[in-house]
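Novice: Residues per chain, in single letters:
Number of protein chains: 2
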Amino acid sequence: MKTPVRLLAFLLFVIVTEGQAAGNAPAPSHGVPYPEGWKDWATIAVSHRNDNNTLRVILGNDVAVQAARAGNTNPWPDGAILGKVVWKDTLLENWKAATVPGEFVHAEFMFRDSKKYADSHGWGWARWVGLEQKPFDEGMAVCIACHTPVRNRGWVFTEPASLP
Amino acid sequence: MKTPVRLLAFLLFVIVTEGQAAGNAPAPSHGVPYPEGWKDWATIAVSHRNDNNTLRVILGNDVAVQAARAGNTNPWPDGAILGKVVWKDTLLENWKAATVPGEFVHAEFMFRDSKKYADSHGWGWARWVGLEQKPFDEGMAVCIACHTPVRNRGWVFTEPASLP
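Residue numbers (this note's numbering), protein chains in the order written: chain A, 51 to 214; chain B, 51 to 214.
Calculated directly from the structure, the hints in this document are not laboratory data.
Just so it is clear, the structure is predicted and the values come from calculations on it, not from any experiment.
Treat the hints with care, since some could be wrong.
To be verified - Stretch-level coverage of chain A by chain B, calculated; a stretch enters the list once three of its residues show a Cβ under 8 Å from a Cβ in chain B:
id: 1; region: 87-94
id: 2; region: 103-116
id: 3; region: 144-158
id: 4; region: 174-188
In this text, a Cβ means the ideal position worked out from N, Cα and C, and glycines have one as well.
With the rest of the complex left out, here is chain A (with noise of 0.2 Å):
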């Protein structure tokens, strides 16, 4: 190809893959954008509240995840996003004793960056609702209000769970 039929090519190959990109994640959620391949991340904790009869997995990115098996968790370091992946609970058919996941709820995250989100007590927050991934967008101040009790802790509530 001439030089100039090969640079047309290649924009329009960046065009037409931006796009399928943006096509494919999720919009932003208070303006954080969606934190894709957070399905691969390793726990950090799980937890069952019976106040609304939900499960919980606490699952962190690479800078998280470091941070909690360190204990760099005061404050947790910038860079580090920490997810939680809420779904209804409900009985296991073949064992009545235990709680697990039923419906899907929603996907939220804390984007720790203590100067881009300074306004906001050092974290981004965003959450993803339904299986749909429809961003939440009511407000940072509505997920601020819920974390109070624990504004001393770093606004986190999660205590990373015990690991060999």
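Once you've looked at the hints, dock chain B against the given chain A.
Specialist: Frame of chain A; chain B shown alone:
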């Protein structure tokens, strides 16, 4: 370095690093080697058992996670490893309606290999106990006995959690 010296240095490096790797890994359980790296595996499900007050996260290696996401679990494919990480439950200090991981109990695994483990229903059953990861060696029959209620679903309790 001259070639023989270089070769010697390389061999020494191999011996030392292999020795370290072997020294770090816990001994096999029921002849099944320790699945290094399981703490970085992705989540398949979670559960809360109120008969013995334990919280669990069910992890999978890449083969198992791909099978779970594709609904390809009847039977699980050879090469799949399911891991169940178990903690005694406790209440979260800052949100008493949340039950969270307390003391680490053990990590137990099912290794799918329909030929190698034909005598134990197509699974290698293994467990490592406590933070010291002491290999459980009371026999796979102990594990199988407890899984008998799910003999008709490939001996697996876990139902992969719904995910976007």
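Novice: It remains to establish, for every hint, whether it holds in the given structure.
Specialist: Quick rundown of the hints versus the structure:
no.: 1; hint: 87-94; result: holds (count 5)
no.: 2; hint: 103-116; result: holds (count 5)
no.: 3; hint: 144-158; result: holds (count 11)
no.: 4; hint: 174-188; result: holds (count 5)
Figure legend: structure checked against the earlier numbered hints; every hint is met.
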